[in-house]
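Protein chains in written order, with my numbering: chain A, 1 to 327; chain B, 1 to 327; chain C, 1 to 327; chain D, 1 to 327; chain E, 1 to 327; chain F, 1 to 327.
Each hint should be verified, as a subset may be incorrect.
Identical copies go unnamed one by one, so any copy, or any two together, can satisfy a pair.
Unchecked claim - No more than 30 Å apart at the CA atoms, straight line, and that leaves these computed lysine-lysine pairs for DSBU-like:
1. K78 - K3
2. K272 - K3
3. K58 - K124
4. K259 - K78
5. K259 - K221
6. K78 - K166
7. K78 - K272
8. K124 - K80
9. K124 - K272
10. K3 - K124
11. K259 - K67
12. K259 - K65
13. K272 - K30
14. K221 - K78
15. K58 - K30
16. K124 - K78
17. K259 - K32
Source of the hints: derived by calculation from the structure; they are not laboratory data.
Protein chains: 6
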Amino acid sequence: MRKLFSATPEEILRGETTDIYFQRTMEILKAKGMEETEVLAEIFPTQDGLLCGTEEVKHLLEGRKVKVWAQREGTPFKAKDTIVRIEGPYGEFGIFETAMLGILASSSGWATAARECKIAAGNKLVISFGARHVHPAVASVMDRAAVIGGADGASSILGARLLQIKPSGTMPHALILIFGDTVLAAEAFDEIVDQDVPRVILVDTFHDEAEESLRVAQALKERLYGVRLDTPRERGGVTPDLVREVRARLDQAGFSFVKIFVSGGLNPERIKALSEVGADAFGVGSYISSARPIEMTMDLKAVKGIPLAKRGRVPGPIENPLLERIL
Amino acid sequence: MRKLFSATPEEILRGETTDIYFQRTMEILKAKGMEETEVLAEIFPTQDGLLCGTEEVKHLLEGRKVKVWAQREGTPFKAKDTIVRIEGPYGEFGIFETAMLGILASSSGWATAARECKIAAGNKLVISFGARHVHPAVASVMDRAAVIGGADGASSILGARLLQIKPSGTMPHALILIFGDTVLAAEAFDEIVDQDVPRVILVDTFHDEAEESLRVAQALKERLYGVRLDTPRERGGVTPDLVREVRARLDQAGFSFVKIFVSGGLNPERIKALSEVGADAFGVGSYISSARPIEMTMDLKAVKGIPLAKRGRVPGPIENPLLERIL
Amino acid sequence: MRKLFSATPEEILRGETTDIYFQRTMEILKAKGMEETEVLAEIFPTQDGLLCGTEEVKHLLEGRKVKVWAQREGTPFKAKDTIVRIEGPYGEFGIFETAMLGILASSSGWATAARECKIAAGNKLVISFGARHVHPAVASVMDRAAVIGGADGASSILGARLLQIKPSGTMPHALILIFGDTVLAAEAFDEIVDQDVPRVILVDTFHDEAEESLRVAQALKERLYGVRLDTPRERGGVTPDLVREVRARLDQAGFSFVKIFVSGGLNPERIKALSEVGADAFGVGSYISSARPIEMTMDLKAVKGIPLAKRGRVPGPIENPLLERIL
Amino acid sequence: MRKLFSATPEEILRGETTDIYFQRTMEILKAKGMEETEVLAEIFPTQDGLLCGTEEVKHLLEGRKVKVWAQREGTPFKAKDTIVRIEGPYGEFGIFETAMLGILASSSGWATAARECKIAAGNKLVISFGARHVHPAVASVMDRAAVIGGADGASSILGARLLQIKPSGTMPHALILIFGDTVLAAEAFDEIVDQDVPRVILVDTFHDEAEESLRVAQALKERLYGVRLDTPRERGGVTPDLVREVRARLDQAGFSFVKIFVSGGLNPERIKALSEVGADAFGVGSYISSARPIEMTMDLKAVKGIPLAKRGRVPGPIENPLLERIL
Amino acid sequence: MRKLFSATPEEILRGETTDIYFQRTMEILKAKGMEETEVLAEIFPTQDGLLCGTEEVKHLLEGRKVKVWAQREGTPFKAKDTIVRIEGPYGEFGIFETAMLGILASSSGWATAARECKIAAGNKLVISFGARHVHPAVASVMDRAAVIGGADGASSILGARLLQIKPSGTMPHALILIFGDTVLAAEAFDEIVDQDVPRVILVDTFHDEAEESLRVAQALKERLYGVRLDTPRERGGVTPDLVREVRARLDQAGFSFVKIFVSGGLNPERIKALSEVGADAFGVGSYISSARPIEMTMDLKAVKGIPLAKRGRVPGPIENPLLERIL
Amino acid sequence: MRKLFSATPEEILRGETTDIYFQRTMEILKAKGMEETEVLAEIFPTQDGLLCGTEEVKHLLEGRKVKVWAQREGTPFKAKDTIVRIEGPYGEFGIFETAMLGILASSSGWATAARECKIAAGNKLVISFGARHVHPAVASVMDRAAVIGGADGASSILGARLLQIKPSGTMPHALILIFGDTVLAAEAFDEIVDQDVPRVILVDTFHDEAEESLRVAQALKERLYGVRLDTPRERGGVTPDLVREVRARLDQAGFSFVKIFVSGGLNPERIKALSEVGADAFGVGSYISSARPIEMTMDLKAVKGIPLAKRGRVPGPIENPLLERIL
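Bound conformation, chain A alone (with noise of 0.2 Å):
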C-alpha cells in the first residue's frame, strides 16, 4: 500500500505526473506517425530571478535523443530570457513539459529568495531552516536551492548530503522541555553530541532570553558556541532591541565570543536591522520555502525547422550568450 501521496523518481521519469494532455498528445502523433516531428523548444521565466533545477532537467533527459542548451544553476535571469533550449523529435522529451517546468520553477523561485536573505545578511551566515514548511518529498530540493542561491548551510539532513555539507541545526524546544530546564539540556548535550557540532543554546524556552544566556554561558563557558533566539510572536519575536541587549549583557559578563543566532519570521529587512545591532547567524524558514515558484512557460519556436510560435510570441529561437550545451 502507497504510505505516502508523493512520487517516486520512477514514476516522474515514467511521466506519470504529467499533464494527462500530453500523454494524449503523444498519443495522437503517434498514430498520425508524427511522433519523431524535429521541433525546437524554448523555456523562459516570466520574472527576474536566479536560476536552479536544470541539473534535474538534465537528468530527466539523459539518453533521449535530443540536444539541450541551459544556463548554469546560480546565474541570474531577466524575464522571457530563455534558459533551456531543447532540440529533437517532440516524442522524445514532450511528456516532459510538465516535470521539467515545475522543478525550474520551484528551485529558482527557492533559490531567489534565498539570495536575496544573503545580499541582506552579507558575510553573516544564512541556514535554511524551511524543511517544516515543505513537503518532505521536496525538502532537499529546496535546501538545495537554497544553499545554489547563497545560503551557508540547511538543516535537513538529505538536502545536507546532496551538498556534501555538514547540515546545521542547534536543538529543538522539545528537547529542553524534556529535561525541564535550558542549562540541563544544555549540559546533556555538551556531553553526548560529536565534539565538532557547534554548541548552540536555545534560550527562549522558559526564562527571559537575557537571563538563559547569561546562565547557559556559566555553565559552558568556553564551550558554548553560540546562543539561539527564537522568542516566539507571542512575545514580540526578535527584535533588534533584544539582540542589542543580549549582546550588552553577554558582553559585560565576559562572554563576547558567544555568537548571537536568531531565527522566527526572518526576510531580508529584518535580517539587515538585526545584522547591524549584532546578530551573527540568521536560520530563515517560510522566506525561502514559501518562495513563490517563478512561472516557466516552454514554447516551440521551430518545427521542422521553421521558425513558428503561437500568437502572443515571437517566432524562431531567441538567443542568450549564457546557454550552454548540456546533452
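Starting from the known structure of chain A, fit chains B, C, D, E and F onto it as the hints suggest.
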C-alpha cells in the same frame, strides 16, 4: 546514481528529510535513557484555512506506539486550533516533526486556495492545472489537496489516480503547432482519443479566438464539447469581454451547446467575473499551486502527564471538538 | 530666589500670566475712560469634546462685577457651542482671557482623552498615570480632569487629594531593582504598606512576566490583589498574547483571583484589545497627559447691548440650553 | 480655600505632585533601613529633540546629597541619549522622579516645536503666542522653553519676565470692537501706549484686510510699525495670496516700511510659504503650545556600584560626552 | 478672410469637419459601385450618462435616405446601450460619423455634469455660467445641453435664445470697478435695467462681503433680489462659513428676503455644502463646461442584412426599448 | 430653420454668445455716458500651459479702438502670467470677454495636451484623431491647436485646411466590414486612392493583428506604407507586447519597411511605452480633444489711468516680457 533530488517514501519514513536537530535530540535522549519519556504534543496552524495532509501524517506514524487524534481532511480550521494531537513516548515520533509539519503546511495551503476558487466558481467546474509550477515529486500531492479543497478535477496523471478520478485536460499548444492548424489538430484528436474524453479544443494558437471557435465548431459539430481560451498575457489574457463575445458568436452560429473553458492566471476574482459572462469551466494553475504553505507549529504541552509549555504558549492540551482518534 | 518657572495662584490671579496685549488694552481703555464699557463675551471650542475647567474659571472671576453662565464640567460639547458667557464691564474680566482659555483648553483636552479610554475599557478600571509627562505644576489639574472625564483614579498625590479620592499606584521598577528580586520587594511591600492598599506587584523587571507572576502569587498567595505588566517596548510591550498567557498560567496554578493590571503606551484601541483577553485595569499615561488642548476662542458678541462681531463670526449671543448661571 | 488646582512651588518641592508609588517606596525602604542605598540613575528621551528643563531639575535637587550631570538647555539630543545622570542615595531623589520627568518632557516638547518654527522662518521673527492654549500655571514655563528653542519673543508677561525680555504683543480684537473702528483704536493705542512699544495694528476685524491696512497706514503714517493679519479660518485664514496682495497694495501706496505680522494656525510649512511672499513676523500659538511632550524615562543603572538594569535595558551607565556636572 | 477657425453649419453639413478617411472611403465605394450597400449602424457610449445631442444628429441626417432611431434627449443611458441606430445605404451617412459622434459626446458630457449639479442643489437654482471656458462657437450648444441636463438657466445670450428662456446673469466686477463703488453701480443697475430683471448685486469687489451685502441692502431695500458671492480663490473662495455669516447678518438687519447667489469653482459637493447653510442659487462654470465628453462609438452591425461586427463586438443589432424612430 | 445649435462667426462677432451681464453692463454704461471710460484689462491663466487662441482674439478685436498686446501662439506660460493686455474704452471690447476667454481656455487646453504627447513621442509622429469627441463646430479649432501644440498632423479636413497641411488618416473599420475582408479593402484602397496618400491599412477588424499584418503586406508588398493597430479595449487594446510581436513577425517575413501606426486610448505614458518597442506613429484622440480647458480670467487693472483691482488681485498692470503689440 541519484537522478532526482527529491526524497523517496523510504527516505522520508527513515527520517532523512528531517531537520538535523531532531536526530541529535534523539541521540541525547537515548544516551540519557529518556527516549521513552511520555509527552503530549499538539500541532496548530498560524492562520485560518482548510485542513489537508492528516492522511499522510497517519501513514507516517502507523506502527509507532502513539495515540493520535486529528481533524478530518477537508474541514476548516481557525488560527491556533489544535488540528493534531499525539500522545506517547517522544522517541516514537519526535523525528517526524519536520515531515509532519511540512505535509500539513503545504497540503493545507493548496486546499485552502482551491476552496477559494471553488467558492468563486459556484456550480461551474474548477480544474487544478498547476502541476507545471511545482516539483514533480509533489505534483500529485498538490492535485490531491486541490480536489480535497473543492476542485472538480486535476490534470496530473498520478494526482488523479490517487483520487481515483480521471485526469482532466484538453490539448497543449504544441499539438496545434506541430499540426500547423487548429482544425487539423482538432480532427486528429477527435479521431484518435478515446470516445469518453470530452472534445475541448484550444482556440488561441494561430488565429483570433472567436474566429477559431467558429472554425472548430463547424468542423467537429455536435461532437465538440467545448473550446478553451488560454489567451497569453501578451494579448491581454482572457477577459470578460472576450468570453462574452465568443459566447455570442457561438450562439448566433447555432453552437450554444459548446462550452467555454478558460485558463491563464485565474484567481477567485477573475473566476467570478468570467463566470458571470458565461465561462463554464476554469483551469486554475498558480493560484492553487503557488499558494503559500500555512505555517504549522508543534508544541509539547505536557511531559510525563504534567502540563507545561514554552514561554508564549498556554501549558496543557487545548480542546477541539473536531478531533477524532485516528491511531 | 525663584526655584520653579511655573506661576503661583497669586501670580495668575494678578493677571501676570496673561498676554501682554490685554494689559495694554486695559491701559488704553482706562486712559479713555472706557473700562466700564458693558460687553457680552462668549467662549466656544473649535472641535467636539468633553468640558472641564469651568470650576477654575469661576474661581478666577469670583468677586468681579460680572454675570457668568457656563456648561457643567463633564458634559459633552460640539465645535462652536457657547460654553461660557460673561456679561459685564470689559475692565472686570478682559485681563483673564488668556488664563480662562488656557484652563478650558487644556482641561477639556485631558478630559476628552480620558473619556475615550473609559469607553474602550467599559466597566474595567482606568487609572491616570500621566503625571510624569506634564509639568508638576499642572499634574494635579490633569489628574483631576482625567477623573472628570471618566478615569477611575489617578496616581498623583495632589491630584487625588483635590478629588478627595485615594491615589492609585503599584510600585516602581526602582524598588525591585534595589531589593534585587521581585519576590523580596513584594514581600517587603506586603509587610510594610498600609493594609487597605491593594497589593499589585510589577512582574516584568528581572524575569519573564509569566514566571514572575507565578513566583509572586506563590509568595503572597491570597493577599496578592494583582500583577502589573509594564513590559518595555524593547521587549514588544504588553500584547494580547502575553495577557492571555499570564491569565491562563495563573488560572492553571489556582490563582484566578489575581487581577492583571497593564500599562505602557496604552490608547483606546489597545485598551479594547487587552480588555477582551482578560486585562482588568489600565494605567494610561501619555494618551491622556499628551492629549492636544482643545482650542478655545473668546469673542465679544455685543458692546453696550448692541450685537456685533468681528468678520467671520455671527453678531450677538448664540444660545445654548446647557448654560447655567454660575456667578 | 484653594482657588486653582495647579500646584505651588512649595507643594512640588514637598513631593506632593509625585506618583503615590514613589512615596510608598520611600516608606518601605525606610522601614527596611535601605533608603541610603547608593544608586546611579539615568534619564533618557524616547525620541529626538531639543533639550529644555534641566534648570528646573537642578533647582529641585539643590541641597540634596546627590551628584548630578546634565546636558545644557538648548542642545539637541537623540532618542536614548543619557541627558541627566544622578548618583547618590535613592532616598535623596527618588521622590522627584515624576516631577523631573514631567518638567523635561513638556519643556523639551515645547522647545523642539519652537526650533522647527524658527528654522522655517529663517531670519524673520517668531513670537510665542500660545499662552492661551495651556493652563496659566505653565504658560510662563512654555514661553521660556519656546525662547530657549529659538523663538524671538513671547506674549505672556511672566514668561517674558523670566527671560528678562519685553513681552511681545499687538492688540486684541476686543479693543477694536469696543472702539467700534480699527482706526480709532489704532489712534488711541498710538496716543497712550509707551513710545518704545512698536505700533502693530490688527487689520481683519471689521473690513477687508487690504482696505484696513491702507486706512491704518494713512492714519498713523510713519509711526505705524506693522499690520497684523489674523484672518479667522471662517474666512480662509491668512494665505500667501493675501500677504502678497497686502504687501503690493501697501507698497503701491508708499508704505513699504510697514511690516506684515501674521498669526492664526501657523506651523513650519505655513511659516515658510508666508515668509516667501513677504510676511515679516510670525505669531505661533498651538504649534508650540500643543506640542506633544517628549516622553522621558528614568532607569536605575547601578545599585551599590554594581551595574544592573531591568529587562529591555543595558545595565550600567551609558556615556554621553555632552553631560556636565551641575550639582 | 476667415476671422474665426470654427466651422459654419454649412461646412459641417458638407462634411468638411469629418475625418479625412471617411471621404476616402466614399471615394473607394463609389469607384467600386458599392456606395449603395445597405448597412445597419449603431452608436453606443463607453460610460454611463445623460443623453443630449440627438436633435442635432436628426438635423444632420434630414433629407438622407435613411431610417433613424434614437433615445430622447434628457434620458439616462448605461455604457454600451444603443442610443442611435441608422439603417440605409452607407453612402448616405458614412461621411457624418465624425460629426455625429462629436455632437453626442460633447453634449452628453455637458448634460451629465449639469444633472449632477442639479441633484446636489435639490430645489435651489443652478445656472450655467460656463460660456467663458469654451469656444464661443459651442457656448450655445453647451448652455442648451446644461439646461437639458437639469440646469435652471444659462448665461449666454444665444444659448438662452435656443431654449426660449431668458438668459440669467448679474453683473461683472468690471461694472463695479468702473463705477468705483458697489453701491453706485447697484443703484445705476437698478435705475436702468429692465424692471423684470431681478436685482442681484455682486458684493466681493472692494470691501468685505458681509459689509457690502448690508450696504447694498440698505441702498436698494426691498428692490434688492439677491447678493452674489464670487470671492476669488486668493481670498479663500466662497465657504460655508461665509454664506452662514452673510445670511445671519442680513437676517439680523431685517433683510431675510434677500437671496444669496454663489459662484466660483462650484461642483456637486460644494453645492451641497453651501446649500445646507443657506445659499439660494448656484452659478456653475467649469464643472459643466469642462466636463469630459462621453466617448461614443459607431459600429456597423450588419451589411446587406447579414449580422457582422469587427473583433471585440457582438454581431447584429443590440436592442434598446428606449429607441424611437426619429427619421 | 436653424439646423445646428453652434454659433456662426457672425453671431459671435455680434456678441450673441456672450454672457448676458456684459450686455447689461454696456446698457448701463451707455445710459450713464460712461461707455468711453478708458481702462486697462489683463487676461491670465490659472495654471501652467501652452498658449493658443490669440490669433482668433486678434480677429475678434480688429477694427475696435483698442491697443492689444499678447504672447505668441505656441509659447509656454505659467499660472498668473499676463498673456493678453487690452487698453482702450471699455465699451469697445467689454462685450467680448466671454468669447475671448473661451477661445483662449479651450485652445490652450488642447495645445498643452498635444505638447505632452509630442514630448512622449520624441521624433515619432503624433496625429490628432480627436475630431470625433468634440462638436463639429470646433473640431477644426481643436485640430489647429493640436498642431500648434506640437502634433504633426490632424485628421479633420477643415482643421488641416486651416493649417495648410494635408489631413492624415487611414481607413475606417466600416470600409473593411463592407468589403468583408481586410485584403480586399486594402487592394481597393490601393487601386483608387491618390498615389501620394500613404497606404496605411487597419489590421484588427476580422482576424488576429499579426496574421492580418502579414496578409496585407503580402498583398500590397512595397506599396504598403504601414499597418494600423487599433485593437478595441474589449481585446486588451494595443499593448507593447503586441507591437513587439507584430514588428518581429513583419521583420522575419521581410517587411521591415512597413511602419506600425497605433491608436486607441493613447496618452503620453502609453505613447512612450509603445514607442520604445517599435511603434512609428500615434493617432491620439481623447487625450487631446478631451483636455480640460485652462481657465482664464480677465481683470480690469486700471480705470482712467489709475491702478486698481478687485480684492484678491494686485492693482495695476503686471509685466510680462513676452507680450507683443498685435493691434
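> Can you give the numbers of the hints that this structure goes against, from lowest to highest?
Replying inline: Hint check: 2, 3, 6, 10, 11, 12, 13, 14 fail, others pass.
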